[in-house]
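Read in order, the letters of the sequence shown are residues 3 to 345 in my numbering.
Since the hints were made in silico from the structure, they are not lab data.
Computed from a predicted structure; not experimentally measured.
Honestly, I wouldn't trust all of these hints.
Once the Cα atoms are required to be at most 30 Å apart in a straight line, the calculated DSS-like pairs of lysine-lysine come out as [said to hold, decoys possible]:
#, residue 1, residue 2
1, Lys88, Lys19
2, Lys168, Lys123
3, Lys157, Lys168
4, Lys19, Lys123
5, Lys123, Lys88
6, Lys157, Lys123
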Amino acid sequence: LGATWRHSPDQLSLELKTPNATRYGAIEPALLELRGGRVWMLVRDRQGRLFQTFSTDGGEHWPALAPSPFISSDSPATLLRLRDGKILLLTNACQNWTNPRSYAMGGREVLHAALSADEGKTWHGFREILTEPVAETRGDRGTAYASAAQNTAGKIVVVSGQGEGKRAIFAFDPRWLEETETRDDLATGPAMWTAFGGSALRVENSSLLIALKAGAPCGASWNFPSADSGELSFRLRLPPGVTSLRLALTDHFSRIDDTAAAEHAVFSFLPEATAARERTIRLRWRDVTAITGELEWAVDAHPATRVAVRHPAQFGLNYLRIEFRASSDAGAVSISLLTQRRL
């Protein structure tokens, strides 16, 4: 009970497989005791995911570290056992495919939360709970290094963030992570959207407007509750000046100026990018955690097009990514009536 301590004889390490300006490797572990007595350790590393190991004797001995299923930049995780027995995970599921050696080996612009009711076998949520202010700053920054506790009302209170003026304290209901559907009426502005490295966002007449910016990546990402099978629909209007358009569905966050992000998405496709009347986009996916997963996408009443998964998702899809290029700075892409549900 803390009166005496002894070192484990085991030493855990990972090879520094990727080049980086820092020498950090396997550091900053998070630990949680599971039912049955095993102790679970999640370890920060710079290979694009968290590593893990399990001790079966209360922490005396530890097998070698192995990759976990959790996508992560070079950032630590947080684990918390809730009073109802569920497990809360906080992590930066961020990647930068164009520049893997970017800050924190993928970025810390977004902090995600997920919930497990079966001792970590399955997970729900992977929803954004904190985003960094869009303004770029030098030095240590981001949304990482979260500390969490459950208050008497059952809410999760989180303190997180790095850098001057970027620390935050907030609370959320863990039941929000288990929602099976969501919609965005944009009543609170673009709160569910992120556009790091892209163009400005604003809301007018219940529509999200993504400004055109000639010669630069434009777009935004919308986060929703993760789903292995699900459907999503929205209304889309393109102004003159849009020269290309790509839509993607994926299981992690990447900045809009990450020009290789769509290639690493679970699905990506190119609908027609000509300016026209407002159109309805319908997306339906199934079994995306398997190699046989498939997406059907359709515009208005046209027949659906089928797309196979590029790679299986870890726990389901939780991001819609819209990216485009423009030939002028005039106008904005308009998005409205977003709805999503798990099937």
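Structure-based check of all given hints:
no., hint, result
1, Lys88 <-> Lys19, "violated (34 Å)"
2, Lys168 <-> Lys123, "violated (34 Å)"
3, Lys157 <-> Lys168, "holds (22 Å)"
4, Lys19 <-> Lys123, "holds (28 Å)"
5, Lys123 <-> Lys88, "holds (11 Å)"
6, Lys157 <-> Lys123, "holds (23 Å)"
Checked against the numbered hints listed earlier, the structure breaks hints 1 and 2; every other hint is satisfied.
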